[in-house]
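*Asks:* These are the residues of each chain, in order.
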Amino acid sequence: MNKKILIVDDEPNIVMSLEYAFKKKDFDVFIARDGTEALEIAEKETPDLILLDIMMPEMDGYETLKRVRNNKELQHTKVVFLSAKSKEKDIEKGLKMGADSYMTKPFSIKKIISDIEGLLG
Amino acid sequence: MSSYVVGLVIVLYLAMLFVLAYFAEKNPKGKWVSNPYVYTLSLAVYCTAWTYYGSVGIASSSGISFLAVYLGPVIALPLWTVVMRKVIRISKQHKISSIADFISMRYGNNRLLGALVTITCLFAIIPYISLQLKAVSETFSLISTKESYVSTGFFDDSTFYIALLIAVFVAFYGTLSTDTSQHKKGIIATVALESILKLSFFLAIGIYVTFYLFDGTSDVYTQASLQDNLEQLTSFGGLENGFNWLFTICLSFFAIFLLPRQFHVAVVENDNESYLRKAIWLFPLYLLLFNVFVIFIAWAGNISLPETVNHDYYSLLLPLQRNNYGLALLVFIGGFTTVISMIVVSTLALSTMVSNNIVIPYGFIKTLVEGNPEENTKRIKNIRRVAIFLLIIIAYFFYVKFSVQLSLYSIGLISFVIIAQLAPSFFMGLTWRRGTARGAEIGILVGLAIVFYTLFLPIISQVVMPNVKFVEEGLFGYAWLQPTHLFGLDYLTPESNAFLWSISFNTLTFVGFSLRTKGNYRERNYAEMFVNHENYGNLQEGGFIWKGEAYVADIKRLLNRFLGEQRTDRALQIFNKKYNISETEERADARLINFSEKLLTGSIGSASAKILLSSVSKETPISLVEVLNILEESKETKASNKLLVEKSKELSAMAHQLKAANEELRVQDKLKDEFLDTVAHELKTPITSIKAASEVLEDEGMPPGLRNRFLENISRDTDRLDTLIHNILDLEKLSSNRTDLDISEHNMSKTIHKAIKGVEQIATKKDVEIKFPDKKQVLAAYDEDRILQVLTNLLSNSLKFTEPHKGRIKILLKDLGKEVLVAVQDNGRGIPDEDKDYIFEKFYQSKNQNIKKPQGSGLGLAICKKIVESHKGTIAVDKEFAKGTQLIFTIPKGL
Numbered sequence: 003m004n005k006k007i008l009i010v011d012d013e014p015n016i017v018m019s020l021e022y023a024f025k026k027k028d029f030d031v032f033i034a035r036d037g038t039e040a041l042e043i044a045e046k047e048t049p050d051l052i053l054l055d056i057m058m059p060e061m062d063g064y065e066t067l068k069r070v071r072n073n074k075e076l077q078h079t080k081v082v083f084l085s086a087k088s089k090e091k092d093i094e095k096g097l098k099m100g101a102d103s104y105m106t107k108p109f110s111i112k113k114i115i116s117d118i119e120g121l122l123g
Numbered sequence: 002m003s004s005y006v007v008g009l010v011i012v013l014y015l016a017m018l019f020v021l022a023y024f025a026e027k028n029p030k031g032k033w034v035s036n037p038y039v040y041t042l043s044l045a046v047y048c049t050a051w052t053y054y055g056s057v058g059i060a061s062s063s064g065i066s067f068l069a070v071y072l073g074p075v076i077a078l079p080l081w082t083v084v085m086r087k088v089i090r091i092s093k094q095h096k097i098s099s100i101a102d103f104i105s106m107r108y109g110n111n112r113l114l115g116a117l118v119t120i121t122c123l124f125a126i127i128p129y130i131s132l133q134l135k136a137v138s139e140t141f142s143l144i145s146t147k148e149s150y151v152s153t154g155f156f157d158d159s160t161f162y163i164a165l166l167i168a169v170f171v172a173f174y175g176t177l178s179t180d181t182s183q184h185k186k187g188i189i190a191t192v193a194l195e196s197i198l199k200l201s202f203f204l205a206i207g208i209y210v211t212f213y214l215f216d217g218t219s220d221v222y223t224q225a226s227l228q229d230n231l232e233q234l235t236s237f238g239g240l241e242n243g244f245n246w247l248f249t250i251c252l253s254f255f256a257i258f259l260l261p262r263q264f265h266v267a268v269v270e271n272d273n274e275s276y277l278r279k280a281i282w283l284f285p286l287y288l289l290l291f292n293v294f295v296i297f298i299a300w301a302g303n304i305s306l307p308e309t310v311n312h313d314y315y316s317l318l319l320p321l322q323r324n325n326y327g328l329a330l331l332v333f334i335g336g337f338t339t340v341i342s343m344i345v346v347s348t349l350a351l352s353t354m355v356s357n358n359i360v361i362p363y364g365f366i367k368t369l370v371e372g373n374p375e376e377n378t379k380r381i382k383n384i385r386r387v388a389i390f391l392l393i394i395i396a397y398f399f400y401v402k403f404s405v406q407l408s409l410y411s412i413g414l415i416s417f418v419i420i421a422q423l424a425p426s427f428f429m430g431l432t433w434r435r436g437t438a439r440g441a442e443i444g445i446l447v448g449l450a451i452v453f454y455t456l457f458l459p460i461i462s463q464v465v466m467p468n469v470k471f472v473e474e475g476l477f478g479y480a481w482l483q484p485t486h487l488f489g490l491d492y493l494t495p496e497s498n499a500f501l502w503s504i505s506f507n508t509l510t511f512v513g514f515s516l517r518t519k520g521n522y523r524e525r526n527y528a529e530m531f532v533n534h535e536n537y538g539n540l541q542e543g544g545f546i547w548k549g550e551a552y553v554a555d556i557k558r559l560l561n562r563f564l565g566e567q568r569t570d571r572a573l574q575i576f577n578k579k580y581n582i583s584e585t586e587e588r589a590d591a592r593l594i595n596f597s598e599k600l601l602t603g604s605i606g607s608a609s610a611k612i613l614l615s616s617v618s619k620e621t622p623i624s625l626v627e628v629l630n631i632l633e634e635s636k637e638t639k640a641s642n643k644l645l646v647e648k649s650k651e652l653s654a655m656a657h658q659l660k661a662a663n664e665e666l667r668v669q670d671k672l673k674d675e676f677l678d679t680v681a682h683e684l685k686t687p688i689t690s691i692k693a694a695s696e697v698l699e700d701e702g703m704p705p706g707l708r709n710r711f712l713e714n715i716s717r718d719t720d721r722l723d724t725l726i727h728n729i730l731d732l733e734k735l736s737s738n739r740t741d742l743d744i745s746e747h748n749m750s751k752t753i754h755k756a757i758k759g760v761e762q763i764a765t766k767k768d769v770e771i772k773f774p775d776k777k778q779v780l781a782a783y784d785e786d787r788i789l790q791v792l793t794n795l796l797s798n799s800l801k802f803t804e805p806h807k808g809r810i811k812i813l814l815k816d817l818g819k820e821v822l823v824a825v826q827d828n829g830r831g832i833p834d835e836d837k838d839y840i841f842e843k844f845y846q847s848k849n850q851n852i853k854k855p856q857g858s859g860l861g862l863a864i865c866k867k868i869v870e871s872h873k874g875t876i877a878v879d880k881e882f883a884k885g886t887q888l889i890f891t892i893p894k895g896l
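Sequences listed follow chains A and B, in order. Count along the first sequence from 1, add 2, and you get the number used in this note's numbering. Count along the second sequence from 1, add 1, and you get the number used in this note's numbering.
Hints were generated in silico from the structure; no laboratory data involved. Cβ coordinates follow ideal geometry from the N, Cα and C atoms, glycine included. One thing to keep in mind: the hints can contain errors.
Here are the simulated BS3-like pairs of lysine-lysine, each with C-alpha atoms no more than 27 Å apart in a straight line [what the hints assert, rightly or not]:
#	chain 1	residue 1	chain 2	residue 2
1	A	K112	A	K26
2	B	K692	A	K89
3	B	K880	B	K815
4	B	K815	A	K95
5	B	K671	A	K95
6	A	K27	B	K692
A few chain A residues that don't get close to chain B, going by computed Cβ distances all over 10 Å [to be verified]:
#	residue
7	M3
8	E13
9	E39
10	N73
11	E75
12	L76
13	T79
14	K87
15	E90
16	G100
17	G120
Hey, can you work out the whole structure from these sequences and the hints?
*Replies:* If you want it as structure tokens, here you go:
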């Protein structure tokens, strides 16, 4: 069965590239523009992994992560932050909040895919 | 009325005063005893029998001239806040206990001058006291059944016994302490009460006469106008009379400062100099009240009483004539109380002067140095008591001998003329540094001589040698030497004549001799200290006016003699503590000498204190230059202290500024960090997008349609990156004022049209209407490209935030005279209130840092603001505008 990945970002150009790359690797790809939308889709689809931007309109990445972690249905879902906030303390903060991994923009798609494949075993 | 009843009333009254004095003395700090009202009332000791009875007499025969005596004090009182405050401060600082002490200290503790001032006061006051006795005696005989008041022998004269009783009262309450600078609350309390009584009783008789015997003031006037001399009684007289007025006012002006009893109540007994503020208006009011009815009583007496009676006693005779004995007795008691207060305070002041300025320094000082403290205290007290009795007895004999010749008014004025001789040395001593002891002594002597010649000689010659004619013809037959019309001035009253010439020659000799002689160092130092008193107030014990060698043990022994061991030890302990001096210090310094001198001055007067201390110390002269140096030092200390305070204030202000600047820097730093962060973030987004797209483009199996979209994305993100970098640089340039504006005159309406044209395509695409209804031309000087940039930015924002198809954008242009206003309004979603003030900040992001703005660089409005500001204009969000957003900017037409 294909792994389900939910990509959450408000920059459509970035999403477009990621979507193409993951589909190519046989992921089932879902897309959300902000946190609220992401939670809706996550509840419905229970993705294996959520790739989450931090700075988004409406609900930001931190809040989204908190809600995902509070949702029993999603206890097996891994969450990876993907953010332009690349300072050490930002990374620390993200991991402390319970993200499984933290990746910074700009990124190498190849590396993201291999890391995520590693995370999902 | 039986003379025994009157006598009994007098005894009862005196007993009451004893009791009152006793209680006041027991509770000297009570607020009933120490307050500005008691102080003011005690000043009213100025009003004597002369006021109480004499004014009526004068008013009945020579009209309103009695008022002159009260105008002087009324004029003087406002000056008190300056002059009297200075006198009080100096006196407290030096423990001065009388006018003689004050003047002698000003001229370097001069013993002779102190004695001379005392003698002057004796000459002035003893006749004055006898005048009071005369009033008591005469009124006593009027009210009692006794027919004749001129007694045959003093042992059966009631006045003699009254005088003795007063002496006992003063001797008892006036000598409770040897330190004369200590306050005598008992006596002052009785004086204050007496001032209330005399005023009340006098007002009572005034009201009785005016409103009961007559039908009000106008009735008195109407009836009085039937008498033939009314005009004379109600006018000021001619120019000559004017001079008499002037001189009488001057006399009373001096008297309110210089009379020993006034100096005593006003200076020595002053608790608190703030009392002066009340006194300067209350005391004149008191005098006014006292004089309200004088004229009416006088007229009433002229109308109702026979010409033969003594006019002075109208106020007593009027009720007696109607057999109103009760009121008559009140008037008598009022007069009696007036007399007592005057005699009490005068003898108290005089006895202090006699003991401290004549008896001790000239006779007893040796005995005192050898005696032990108890003996000395007893001796000093006894000297004063004897002085009190002697003064009153001498006054009594003076009255017996001379009273027939003199009226209350004339003795009063003579007394004022004599006391005025102290005026030059007193007043000029306070303001003129050059005045010397020699000048003061000779001035007073010359003044007294002239007073004697012009005032006393005529009176004495009348009594002693009635047939010598020199009074009428002048000495040796020279008319210009005529005592009462000296130098041919024949329109002055004898008193004015005496005053004019005595005070003129007194002043001239004082000034002349002061200029010719140079006082010794001590005189000059005290002169400096009195004249520039404020400078010395804070000098330690006036530590500079003495220099020499002395031993603490000697000084201690000396103090022991007068203060007793206990008080001496206590005083020295306090002194040592205050100046941080070791108990074992053997050498005495200037401060101890001055401190001791002050302590002794209270007991035995300044002249004696000086003599005593010089007996135990070896004084070396100290020059005025040294004094001035010390003063300079003290001033410098003060000045440098002031400087230090200023510097420290400056420093703390600077520290404050530094802190603020630091804070500002920190804020700036933080802002810069935030800015850089944001810039980095904003740059990263398109770069990420480009990088990701180029990575997926490596996949060769990508369908061509999708490939083209990725390539387009790359191209758009590159543009975005370019705009962003351009904007950042632009803002940087505008912020550091490095942009050169290309300013020339343009038509704003044309520029707006250009801006609309620039965004027209997007607007059409979004189906948003842009309206610009104003057709008028508004010319202004600006950089058109820059303003176009602003307009385009505002329009783009509006387009961004309005909904497709429904959006409406409207531009308004207004000519404000000197400025041009442009408003861009839309019906979009508007800006939240809390953000309206911040949208012009670069990269301003709504409250939540993590929420991205919809589109754009985040620098547009910041750049707009900079551009408008570089045109010296303003830009703001219209907070009132509710149907969307309205941004308004104005720029001046001519830059």
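*Asks:* Checking against the hints above, which ones are violated?
*Replies:* Violated: hints 4, 8 and 14.
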